[in-house]
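Q: Given the coordinates of chain L, assemble chains S, D and C onto it according to the supplied hints.
4 protein chains.
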Amino acid sequence: MPSGDRRPALLNFASDNVWGASEPVLRALVDGNAGPLPSYGADPLTRRLADAFAALFEHEVAVFPVATGTAANALALSAALSPFGLCVCHEEAHVIDDECGAPEFFAGGAKLLGLPGTGCKLDPERLAATLDGLPRHEKQMPAEIVSISQATESGVVYRPEEIAALSAVCRARGLVLHMDGARLANALVTLGCSAAEMTWRAGIDILSFGGTKNGCLAAEAVICFDPKLARTLGQRRKRGGHTLSKARLIAAQFLGYLQDDHWLANARQANAMAGRLAEGLRHVPGIRLAWPTEANEVFVILPDEIDRRLRQAGAVFHPWSGRALAPETTVGPGESLARLVTSFATEADDVDALLRIAAPSGGIGT
Amino acid sequence: MPSGDRRPALLNFASDNVWGASEPVLRALVDGNAGPLPSYGADPLTRRLADAFAALFEHEVAVFPVATGTAANALALSAALSPFGLCVCHEEAHVIDDECGAPEFFAGGAKLLGLPGTGCKLDPERLAATLDGLPRHEKQMPAEIVSISQATESGVVYRPEEIAALSAVCRARGLVLHMDGARLANALVTLGCSAAEMTWRAGIDILSFGGTKNGCLAAEAVICFDPKLARTLGQRRKRGGHTLSKARLIAAQFLGYLQDDHWLANARQANAMAGRLAEGLRHVPGIRLAWPTEANEVFVILPDEIDRRLRQAGAVFHPWSGRALAPETTVGPGESLARLVTSFATEADDVDALLRIAAPSGGIGT
Amino acid sequence: MPSGDRRPALLNFASDNVWGASEPVLRALVDGNAGPLPSYGADPLTRRLADAFAALFEHEVAVFPVATGTAANALALSAALSPFGLCVCHEEAHVIDDECGAPEFFAGGAKLLGLPGTGCKLDPERLAATLDGLPRHEKQMPAEIVSISQATESGVVYRPEEIAALSAVCRARGLVLHMDGARLANALVTLGCSAAEMTWRAGIDILSFGGTKNGCLAAEAVICFDPKLARTLGQRRKRGGHTLSKARLIAAQFLGYLQDDHWLANARQANAMAGRLAEGLRHVPGIRLAWPTEANEVFVILPDEIDRRLRQAGAVFHPWSGRALAPETTVGPGESLARLVTSFATEADDVDALLRIAAPSGGIGT
Amino acid sequence: MPSGDRRPALLNFASDNVWGASEPVLRALVDGNAGPLPSYGADPLTRRLADAFAALFEHEVAVFPVATGTAANALALSAALSPFGLCVCHEEAHVIDDECGAPEFFAGGAKLLGLPGTGCKLDPERLAATLDGLPRHEKQMPAEIVSISQATESGVVYRPEEIAALSAVCRARGLVLHMDGARLANALVTLGCSAAEMTWRAGIDILSFGGTKNGCLAAEAVICFDPKLARTLGQRRKRGGHTLSKARLIAAQFLGYLQDDHWLANARQANAMAGRLAEGLRHVPGIRLAWPTEANEVFVILPDEIDRRLRQAGAVFHPWSGRALAPETTVGPGESLARLVTSFATEADDVDALLRIAAPSGGIGT
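Chains as they are written, first to last, in my numbering: chain L, 100 to 465; chain S, 100 to 465; chain D, 100 to 465; chain C, 100 to 465.
In isolation and in its complexed conformation, chain L is listed as follows (with noise of 0.2 angstroms):
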C-alpha cells in the first residue's frame, strides 16, 4: 500500500490539536483570505456559515463563530448561568478540569458541580437525585444548567436516548441542556445519526460546536437551537475578545470543513484509526483498554516495560487520570493509565509503527 512518497511514519499520538488543518479546509482559508470583505462577521462568508449550519442541523440555529474551545463552552455556559448559578457537569470535564477557570470567568462567579460517573457519562439517575438533593434556600447556588460532552473525556459516546434521558430530567426541572461537542464529528460517525438527532431533537438547547480538533486551524462556534439563550452573546463574544475583525478566518475554515462531507472524512478516517489502535493494542499481552473506544481516543492500561518502550521508541501520549474508570477496572502496580489520540492526519502505517513497538515479538498486525 505505501506508496513511494508516502511519509515516514509518525507516533505522534499525543492530542487531535498537534496536526493542522486538512487541505480542504486550508485551500477554503486561502480562498476567502481574497478581496476587500465586510469586517466583524457581516461578511458573506460567515452569512454562508449561519446557512450551512441551518442546514446541517435542519433547525434554525444562532451560530457565533469563535477561535478555540474554551471560548465557545464558556460563552455557552454564560448564555444560561447567572452569576450565582451552578452548572452539573461531570467531575472530570474539560470545563471544570482544563480552562482554568474560563466558564466561572464568563458567567461572572457562578460555580461548577463535578460529578463521578465511569467513562465520564453523566447518569440520569445520579443526576437527578444529585438535583433534586441540592439545599433550595438562598444560601446556595441554584443549578441552572447541565453540560455534557460528546464525545466524552475517556472517548465514549451518549447514544442519542442517553441524552434524552438527561434533557428529560433537565426540562423537569428548567434547567439547560449543553453539549461540549469539541469531539462532535467522531460522535456522529460513531453513531451514524443525523446531527439533529444527537443535538436538538434529544433535547439538547446550546451546542459548542468543534472544528479544532478535526481538521481546522481554529474553528469553534456556540450554536443555540434555542433562541433565547443567543440573546447576549454577541455582546458576551465582543467583551470576550472573540469577535475577529477578520470573521472570514473562522467560516472560510469552516466552509471548507462542512463542504461535501469533509468534516465526517476527517473523522471517519480518525475513527477508524483509533479503532485499528485498539484493536491491535488490546491484543498485546498485559495491555487492556480502560474504557471502550468509540471515537478517537484510545485508552489503555499499560505494563510500564510496553510504556517505557513506546516512549524510548519515540511515541508521544499523555498519561491520564483513572477517575472515570468503571468500579471493576484498576490501574496495578507496574502499570499506568495512557491516552492515545488519533486524528485526519493519522494513517495506518502510524498505527501499525507504534503497534509493532508494543509488541515486537510479532502476532500484533499480521
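Hints are computed from structural coordinates only; laboratory data are not their basis. Mixed in with the good hints there might be a few duds.
Intra- or inter-copy, both count: the list cannot distinguish identical chains.
[To be verified] Straight line, CA to CA, 25 angstroms or less: simulated SDA-like cross-link-like pairs of lysine to any residue: (1) Lys238 x Arg367; (2) Lys327 x Arg300; (3) Lys238 x Gly213; (4) Lys238 x Ala141.
A: Showing chains S, D and C alone in chain L's frame:
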C-alpha cells in the same frame, strides 16, 4: 500604468480590516500548517516568535499571542489593574469606546476614565492634573494604569518624546503605561524610529502589538517589557479562552509578517496611500482635513454633496465623531466628519478613483 | 430657651452620618433585641417591615434591607444591568464617584456613564440626546438603566414632574429608572408630596431607600416597584454578603424609623436647620450659596478668611467639587466651595454658633 | 436557683443566630450611639477596637470590621486569591456550601475545591496529597489558599498542633491559611489556649473573627496577621458595600463583646449547655452522637419517633447532612441526623425541658 491583470479600482476605505492577509503572511500560515507540532504554544514557531520579538524590540520580552486586538488590550490592562483600579485613557480610546467592556470584564470590574484631547492624544499636563486631582480616599478607585493608542484613533502619531513625557507623569506616580499598538507599524514608519525607541525606551511598560490591521488575518500579541506584568498573563489568557491549541496559527502569521521587514513594507504602502488620499482630498474645494494624516487614516470634513456623490459611486467609509477636533476646527451645517482608511492592499488607482469622484471637475490628480 | 441640661453647641457639619441613631430608632433596636427569632429575614420584624413599606408606598413592593447605601445602590443597579450594560447617571453621582466601583463589581463589569448637569441633576433633553447618540453596535455597551439621586449630591431636589420627564425618556427606550434615595426623607419633606408620588407614580422602578443618614445606625433597603427586578436580588444580596443572619437589626431600626412618621420629623429638623444655616450664611458678606438649599445640605462659596476662621474655631465641614455649578456661578481666587450638612441631631444653637463665627461683626442671628 | 422572673423554658435550638445581642454588647452599642463621631471608621471606637484585637492576639493586626460572616470570609479569601486561583476547603465548609458563591464573587471567579474529611476537618496528609496531585499546567487553576473552620461545621475543634500541621503543608507550597472563626470563641473556650496559640502561632495568616453567633447582633472582622494580605482589603471592603458609614455600630458591639472577657463567658455558657444537652441525649435509648460535642453544637442521630415527639412539643432544630460522618457511623432507616445549637442565651432549663421530651420515661437528668 495599469496592466492587463490589475484588479479594478476599489472604493473600499471602510477599515484596514476589510482585507485578508497579505501574501507573505498567508504563505507563512500555509507553510506553518504542515506536520504535527506540540500544542498550546509549545511549538517551535511560537518559540521563534518570542525570539523575533526580542530582537525586534532589542529587549527581553514576554509575548502572549492572541487572535484579537480587544483580547490583547483587555489582557494587557488586566495585568496591571486591580478590580477596583482606574485606567486613564483618551475619551475616544478604543479600549473605552469600542470593546463592549472587555477591559472592565478582564479586570474584574475596574473603571476607565476618559480624558479629552485633540487628535485623541493625551496631554501630559492634563494627565498629571487629572491624576493629582483624583481624591485619595478608599471610596475612590485609584489610578493604576494609563493607556495610549499609537497611532491614535484620530490617525495621528505620538513622538517618542511625547510618550516619554507621559511616562514621566506615570512613573512619578507609580502607574503603568500601556500602548495600544493596533496601528503601531504605521506609526513606526511615519516616525522612522526603532520599535525600541517608540516603546520601552520611551517608557512603555506593556504593549498590544497589532498585526491584524496591517496584513495578518488574526494576529495580535501582548508584549511585556516589565516581566512583573507577565506573571499572571498565561492564566488570564487561558481563562479568557485566548490560548489557541494550534498556536502555530498566530505564530506563523507573525513570522511571515516580521520576516524581511514585510510588516514595515505593508505599513509604508498603507501610509503612502493615505498621504496620497489626504493630499488629493484637501485640494478639493469644500473639503478640509480634520487632523493631520500621520498614519493610514484620513479624516476629512466633507460637504454633504461630496459625501453623497462618493457614496452613490459605491465608496465605502465611515462617519466619525468630532469630539477630538481641535477647538478651532468645527463641522459646519451641511458637513460631516468622515474617516477613510487605507491598507497594504490599497493601490494608487483606488485612491485616484475616489479622488476623481470627489472632484469631478478635474484639478485633482492631473 | 436653652435649659440647663442642653448639650453645648457643636460645630460638626461634616456629614449626616457623624451622628448615631435617633432615640426612637435606638429604642426600637433595643426592643427588637429580645427573645429568639428566626434568622436570615424570616423574623416577624422583617415581615412587618415589608408591610410597612407597602403601606408607605401604597404599592406592592419587594424589600431587601441591607446595612449600607453602597450595597443598596450596587444591588439595585445590578438587578437591571447586564455585565456589558451601561448605567447613565450624573457625573458626580455617588454611584460613580464614591463607591470604589461597587456598581461595576456587583454588575460584573458594567460601566457607568456620567453626564454633566447643574446641581447634579440630569436634564431630560440631554439624557435623551445622550441615549440617542450612543452607537448601536455590538462594540458598545448598551444603556440599560438611569440612576438619579434624590436629593442630589448638590442638595437640590427633583420635583415629581422632573422625575416623570426623565422616566418618559427611559420608558420610551426600554430603560429602568433607579433612584438613590440616601436623602429621600429630606426631599420628601421639602416637596410635601407622598412617597408614592415621588417614586413609582413618577416612574421610578427601583429605589435605594436610605435610613442611615436620617437617624438610623445602618439601615437601607432596595425597594422594587417592578417585581421583575426583584427576581435575582435575594441571591445577589446573599452572595454580596449582605444578608444579615440577625435581620432584626435592620428591620427593628426601620420600624422605629417609620413609626409615627418619626423619619419625617427627623428630616424636617435637618432641613429646618439647613434652611436656618443657609439663610444665615448667605447674609454674611462675601459668602454666597452655590446651589439653593432644598434639603439638609448647604453649599457655600466661602472667602478663604472665613473658611479659616471657622476651622480655627473647630467647625468641621468638607470642601467640595464645583463641577456641578451653574455656568454663571464661579469660585473665584481666594474662595472655595464648602459643604455643610445638618441632621436630625443638629440644633439651632449649633447653627447659630457657627453663624456667629462666620460673621463675628454681628448682624447675623440678631 | 430559678427565681420568679425567669423566662419560661424555650426549645429553640435552631441556631446560635436566633438570639439578639447579649446584654453587655447591647449596652455598649447604646453607649456608643452618643455624640458625633467621624464616619467610615475614623472614629475612636474603631481605633480602640484595633488596639483591642492587637492585645488579644499579642500581634500587630490589620482589622476590617464587617456586618456578616459571609462578607468576612469572602473578603478574607479574596485577599489571597487570584481570579483564576483555587481555594481548598472541606467539602461541607460554610464558604463552599452556604454563601451563595460569595467567595467566587469577591475573588472574581475563583474556584473552591472541597475535600472530604470526618467531622468537617481537613486532614494534613490528604491535603498534601491533593495539592501535590493537582496538575501544574496553565489550564488548571493553581491552589493559593486553604480555608478551615474553627469550630468546624460538625462542631468539633482543631487542636493548635493540628492547625500547625495544616499550616506546614501550606507554607511548604506557598499557600495562605485562612480560618473561618465564626465559632472561634467556642473553640477557644474548649481548648483553653490563647487566641494567639490558636491562630498565628499555629500558622494562620488571615482570620474571619466572628462575634454575631456568640452575642453580637452583627459584628465580624477580617483579621490579617500578615500585613501583605491587608493591602487591598480597604478597597475591596468598600466596593463590596461593607464599609459602614457609622462604623461605630460594629466597633461598639465588639468593644462590649471583648470587654472583661465577656465573649469567653458567652462561649462558656453556650458550650456548657451543649455539653449538658449532649450528655443528656446520648443517654436516651436510640440516640447517639454523630460527632463529639466540642463546641456549642450537638449533632445526634435520632430515631424518627423522638424527632417527631420533639417537634410536636415545639422544639426547633435543623436536619443535617451526614457527609462528614466517620465511616463507621451510619444513619439507619428510621433515623435522621439533626443539629441542635446552644448559645449564650440558652439556659439549663431549656436543655432539661428538651431532654424531658426526648426521654419522657425518665432516666435522664436523674
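Q: If a hint holds in the structure, say so; if it does not, say that too.
A: These are the hints, each one checked on the structure:
no.	hint	in the structure
1	Lys238 x Arg367	neither (48 angstroms within a copy, 29 angstroms between copies)
2	Lys327 x Arg300	within (17 angstroms within a copy, 32 angstroms between copies)
3	Lys238 x Gly213	both (19 angstroms within a copy, 17 angstroms between copies)
4	Lys238 x Ala141	between (44 angstroms within a copy, 14 angstroms between copies)
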